[in-house]
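Asker: For reference, the chains in residue letters:
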Amino acid sequence: MDVKSDRSFDVLYREQADRLWRAVFAYTGDREVTSDAVAEAFAQSLRRGDALRSPKAWVWRAAFQIARGEMKRRAAVSPLTDERSYEVSEPAWELIGALRSLPERQRVVLVLRYYAGYSVREIAEIVGSTAATVRVHLSRGRRRLRDMLEEDDDA
Amino acid sequence: MPDLSKRFQRLDDVPVPDLRNEIEDRELRPASIPDAPSTRRRALAGLVAFAVFAAAGVFAWRIFTPGEGNGHVAATAHIYRDPAGWTIHVPKGWSALPFDVSDHADGTRFHGVQLSNVELPAPVAGSGAPPQPSGSALPKDGVAVIIAETSGLPGGDEIALPLSLDAFSEGSAPSGAPVLDVAYFAAGGGTYVSTVKIGAHTYDDATLRTAGQTVASFRFRQPSTPACVTSQLSARMVGSDGAAGTLYATIGLTNTSASDCHLEGSPTVEMLDPSGAVLAVQEQQGLPQGPALEASTVVLQQGREASVVVAFSDVNVGPLPCLQVGSLTITPEGSSDALEVPLVPGGEVCGGTVWVAPFAASVAGP
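Going down the list, the protein sequences come from chains A and B.
For the first sequence, our numbering assigns the number 1 to the initial residue and increments by one for each residue that follows.
For the second sequence, our numbering assigns the number 1001 to the initial residue and increments by one for each residue that follows.
Some hints could be false.
[Claimed, not checked] Okay, derived cross-link-like pairs now, EDC-like style, lysine to aspartate or glutamate, Cα gap no bigger than 16 Å in a straight line:
#, chain 1, residue 1, chain 2, residue 2
1, B, K1140, B, E1119
2, B, K1006, A, E122
3, B, K1140, B, D1082
4, A, K56, A, D18
5, B, K1006, B, D1025
6, A, K56, A, E150
7, B, K1006, A, E15
8, B, K1006, A, E94
9, A, K56, A, E90
Derived by calculation from the structure, the hints in this document are not laboratory data.
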């Protein structure tokens, strides 16, 4: 990696890593899968170097795709646990728990919209779908998530 | 009602590990630059090259000899044409092996072609994994690109065409192991999977560029099926969603006939009021926001569904009055009759315009 790429990577990591990690964590609920996916996405972006036109978009897309594949693989081998990490606050874990009961596509678009702040079009690019489909998932997911969080608030 | 933005802000309290060392370790794992060959290794490489050259000669003689095909197609052919109607470029010096394999675990079938820079046996598929050369078959300097139509996979998670290797999902690979990229996509009404497997000693920019150009050359040609007519189709409202004053309705069209057919471009859409009277709205191609949508041809096999998104403003911002909408009619190109779909839940159209997107291959949704 040359000096220019090195600096670009540092900037990319500094600006994106924390937010990306938390977004993927909200999606997976699993620290190990999250760290694996985020590290692998950044490593792959490094390997590709200047060939990436938009490293930020690429690394977000790659991290979610890798996490998704890993979640599928692990689910086939052994059920994922619901054990709460002691480092995660109760309100954050409550949200992650509610997200985990949503279908995968609804979960990912909600995290990208409400935590990462991406537009519908940007989400469509990240998840490899169309804006119309993203809007449908957002609408359904939003409704279901609000219902679940309302139930928790009432309890 | 919970404020979702505030709820999500609580994630900012979650501590994040520093992954820099892990990333550096991972970046170095694939051996992108093979060791410089020694004289002995050069001699061995020469022998291997001669053997490959000789084998290629025998191989080429066999594939051009009538009645003696071994499944591979000519290495000199530049385009592989699949009977299903798609094509892909074959890099110079590569061979193409059409295959039809099944995953014995769940019965999923994969039909397609394996392109490779070395001659390989047919790919394997198993335990939910997509088709790929077995680890023992692919040499460390081997590269294989697979395109296969498949069944039994969920819709909605496909990448868009044209294929880009950047959009593929790459599995993590331990040092010395081949790297596997995978992507699912929709084409011609079917679901496809593409896998790219690269041996550890050839994981470099040149190989990635060749593999990337190869997958990007995938094209689905005009179908040989007739255009779908209304009598072959049933319609349903898949869902509707409002955003920034625009209502998006997704309508699914299913081929209920016993034969395959195709839908092309965008349908003609009319809006009816609750009493069934046609509303005076003007149809526009595309959607009010987002990039221009390319019209495509969707082949609908028996029982398969295509979708179309219809959008209209439901907020009164101009001089035209808003009108109550009871249902929509959809008329595919080439059909004279329309399919009527109730708008659920109902709504109003304001501004006098309805936008209609092109048909899409599948209806995504949970």
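Asker: Run every hint past the structure and note whether it holds.
Answerer: Structure-based check of all given hints:
no.	hint	verdict
1	K1140(B) to E1119(B)	holds (13 Å)
2	K1006(B) to E122(A)	violated (21 Å)
3	K1140(B) to D1082(B)	violated (28 Å)
4	K56(A) to D18(A)	holds (13 Å)
5	K1006(B) to D1025(B)	violated (37 Å)
6	K56(A) to E150(A)	violated (34 Å)
7	K1006(B) to E15(A)	violated (21 Å)
8	K1006(B) to E94(A)	holds (13 Å)
9	K56(A) to E90(A)	violated (30 Å)
The structure fails hints 2, 3, 5, 6, 7, 9 (numbered hints given earlier, in ascending order).
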